[in-house]
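Enquirer: Starting from the structure of chain A, add chains B and C where the hints point.
Residue numbers (the numbering used here), protein chains in the order written: chain A, 1 to 504; chain B, 1001 to 1291; chain C, 2001 to 2313.
The set of hints was computed from the structure by calculation and includes no laboratory data. Note that beta-carbon positions come from the ideal geometry of N, C-alpha and C, so glycine has one too. There are no misleading hints in this set.
Think about it this way: if two alpha-carbon atoms lie no more than 25 Å apart in a straight line, the pair counts; the simulated BS3-like pairs of lysine-lysine are:
1. A/420 to A/82
2. A/335 to A/380
3. C/2084 to A/172
4. A/301 to A/330
5. A/176 to C/2084
6. A/457 to A/282
7. A/282 to A/341
8. A/301 to B/1065
9. A/391 to A/380
10. B/1180 to C/2007
11. A/172 to A/93
12. A/452 to A/420
13. C/2123 to B/1028
14. A/422 to A/143
15. B/1065 to A/248
16. A/164 to A/106
17. C/2084 to A/164
18. A/483 to A/252
19. C/2219 to C/2123
20. A/301 to A/380
21. A/391 to C/2084
22. A/121 to A/143
23. A/420 to A/461
24. C/2084 to A/121
25. A/129 to A/164
26. A/301 to A/335
Looking from chain A toward chain B, a few residues come up when the C-beta cut is under 8 Å (computed):
27. 298
28. 302
29. 362
30. 363
31. 370
32. 381
33. 383
34. 385
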Amino acid sequence: MKRLAIAAAAAGLLIGCSSAFAQTTLRVGLAEDPDVLDPTLARTYVGRIVFASLCDKLFDIDENVNIVPQLALSHETTEDGKTVTIKLRPGVKFHDGEAMDAAAVKASLERHMTMQGSFRKPELAAVDKVEVADPLTVRLLLKSPFSPLIAQLTDRAGMVMSAKAAAEAGDKFGLKPVCAGPFKFVERVQQDRIVLEKFPDYWNAANIHVDRIVFRPIVESTVRLANLKSGSLEMIERALATDLPEIKADAKLRLATVPELGYQGITVNIGKSDVGKAAFGKDPRIIQAFNLSLDREAITKVAFNGEFLPGNQWVSPKNPYYQSKFPVPKRDIAKAKELLKAAGVSTPLSIDLMVPNNPETRQVAEIVQAMAGEAGFDIKIRVTEFATSLKEAEEGRYQAYMLAWSGRVDPDGNAYIFHKTKAPQNYGGYSDPDVDRWLDEARVQGPLADRKAIYEKITDKLLSEGSIVYLYHRLMIIAHTAKLDGYKQMPDGLIRLTGAKLKP
Amino acid sequence: MAVAHAQVAELNHESPTARAWRRLLRRKSAVFGLAVITLLVLIAVLAPLIAPFDPTQQSWTAIRKPPSLQHWFGTDESGRDLFSRVIFGARASLLAGVVSISIALGLGVPIGLLAGYGGRWMDAVIGRITDAMLAIPFLILAIALAAFLGPSLQNAMIAIGLTATPIFVRLTRGQVMAVKVEDYVEAARAVGNPARRIAIKHILPNILPALIVQATISIATAIIAEASLSFLGLGQQPPAPSWGSMLNTAQRFLTNAPWMAVWPGLAIFLAVLSFNILGDGLRDALDPKER
Amino acid sequence: MLVFLAKRLLQLIPTLFIVSVIIFGLQQLLPGDPALAMAGEERDPQVLEQIRRQYRLDQPFYIQYLYWVGGVLSGNLGESMRLKEPVLTLIAQKFPVTLQLALMAIVISLTIGITAGIMSAVKRDTPIDYAVNLVALWGISTPNFWLGIMLIFLFAVHLGWLPASGYVSPFQDFWLSMQTTILPAFVLGNSFAAVLMRHTRSAMLQAMSSDYVRTARAKGLAERVVVLKHAMRNALTPIVTLGALELGTLLSGAVLTEQVFSIPGFGKLIVDSVFNRDYAVVQGVTLITATTYILLNLLADIAYVLINPRLRS
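With the rest of the complex left out, here is chain A (with noise of 0.2 Å):
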């Protein structure tokens, strides 16, 4: 009897252990296989996802895009914006075991800053020097005041790797990267899997109660609902809008929706080249006539279920920055009919859009096309891999373009680039003085509603004869098992794991 005891104890302490012992595994499907993980290098939307866990950066956002601390614990400005001293958090560790100071942190913003082929140098191009003021505080020297940096610091650029596996590593950082994410790297095949487990020595450790993540990209989204469906996953990012009523049907599974930082919306060559003069160019109630003949409801109705938002300006209605005394335009065809009169154009009017080859983009083109036929637009669809549309966008060759962009945290990015004169992303070859000379004030300016001002009367402006269409924001749906409990969605789309517990 007490043998059966003894076993019977036994084994129930072999089966506590063991379950204390079992490793949880979240199992991500992605929409797209990341490019290098290596944050100076990287420069796609999915390898973000990744570096969500694998990378803490020096500030993060909350649910209202507000920037709060992750590596850095507070930032201050100086009254004529020139100089911007961040303090660190104490006891942070990399995945090496080295420590993290401010010498760390000038090493990774000067990495990114000057390393052969680094795409952050644009997002840090207003900072001259970075100096270390003690081993918890780094000072920024710019060369101009730039409001939008500490934002530009929650993203890639702010990501902090270990200066001695960067150091070593060189470019060849991303085939192993060392951060100080709550997840270290394990291992990649390309194609097939990225696999990370828990940093035991994460600052925030305490939080963390997944061990391991593996991600896997799926590019068929049915193929990843498939997956998510029959429990080969546990969570997935971008499911399509028209998936959304069987997803809400299936009681083991759970949303997570929030609206994007970007906009999806059409490009329209008004100046880049003499074929975009030629057609929108030559007038702005022809843009005009475009937006009025617009449905966008309908739009997102019909391609979407209605679960996208329309939208007009380059950031979403639900951003503080809208500004709502310019809200979505209703559908006039007869405006519209009228405008293009106006103007002396001869219907049907020839526009040759380009579209990304996208399912979901290319069934959007086929919706406007229809519209603004009704308004005397006859609308050739050119559906382009998106390599060679980019050249062409450059080099002017197109009429429309079908452009979406993933969104920034601060809505300067989402308007600078390609509105200025000449700016890198500028393709519609949109080109004012007054409105150059706003969108550098606005860079400058600190609270919010001294920028919403000015972003005010540029809004006026490029509404009326900017190179945009902006046709409506994306929900970022991200589908998850119900076993996941805890899980809370920001605002860029990405996954974050702090909090988040799964059930056995």
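Expert: Below, chains B and C without anything else, positioned relative to chain A:
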């Protein structure tokens, strides 16, 4: 030993074409294949008269409706009638099949004749280039070509045609080699006919059967290739319907509108099947060993 | 024999050279700037210039080609611009995956094709014959990506028996690996199964009516023994050749199948690389594929000549 068809037929007082037809029509399956193809061609040509709706007409209240009396095949993601789109899609697919193989024939046969009858150096050079093109997986070459030329049905046809050319070069060359040593060819040469005349007047008619059979079967492959390219986004551009691009779109809606994937796939299957059956029947009908 | 072998191996060199020129040329002609494609959303002109210089994209194409050839000859196939990994590493990772699919596809094809072919020949002109013929034609005529989609819908979404996508290595978990690869292997192999079926059938029919078999039957040997032994041997010989040639078609088919089933193999790698203008990967992968194909053809030819001595002259 094979004997020239023309001479045998003359002996039987029956033209070789008539003989081929007779033997072809004897096979039930070949008749079936021919009938289906004729039907498809008619559908493609008469599409505007047969289709109940405009294939590009969107209807924002009838999105993704299942098959019904009004819409026999259901509607797609923009409310367009699937039945009409499948009918009009026949144009793209059949055109793609026929035009691309015509290109392949037009380029491949002359080059093959050249290789077979133009001397060893010519043969070696053409041989290596053909080997190289055949060594690259067909679809990859087609994708690269289509990407280079730009996405459009026309360019897809050119890409497929160019990719299929080596097959006809090799076939023609092989046939020429076999027929080159026949008595009637030797005789023609002895009489002093120039090489080009021999190639066109004597050799070509005798290798025609093999070419026809291969062409028919290649049209089947070409139709699938066009569908594959459209599936990847490189073929027929929206809103014009193409069976391949319809399948591409249908993938997203597999769970909430599966009928979108069924009909275009069935259509491709039917078209390809009939060309394959016809090709089989032609092969048997034109086989010199049978009477 | 050796002369034959040597001649063919020598022919390999100009062929491969032409392959590399064709692919290299095509890539150069592809519209779109690889630096732009690589840059994604972060398109700063300074950075783009740097990238172009780093990968020699600003050099004339023949210089780029010479650098590449030099690399190949010293065993370096270059580096993927997008993934920053050496092309050889990527190939080493992905080739086994596609190879596994291809081998499974061949096994499935052989099993289905030969069995069906025998059945159909033995039961000639009966309903079984017609049915098998129809199924074979169905196999050749169905676009494999459509078949893949339909099968995913049936087995993964509707019935939930098999995973909808993804790949697990057999060394990691054999049973799961089989589950993830059975559908794509079937899709990949069904057209070859059809080809095999028709070939086996005709070879069997030919053998069954041949003099040798008639004599054996007259001697009183059991029909089945006679048929199986002689006819099979006759039918199987060219299968070797067919199989080797089929590998090329399988790779083409793999491109779409891997796309539909999200399998990280060769086919998917090449399509993604073409669309992303990742030149080095496309060139390296095509070169390896072409070389494999040509070598396999050579092996098949040798095997054919060996088995059939009459062709040796």
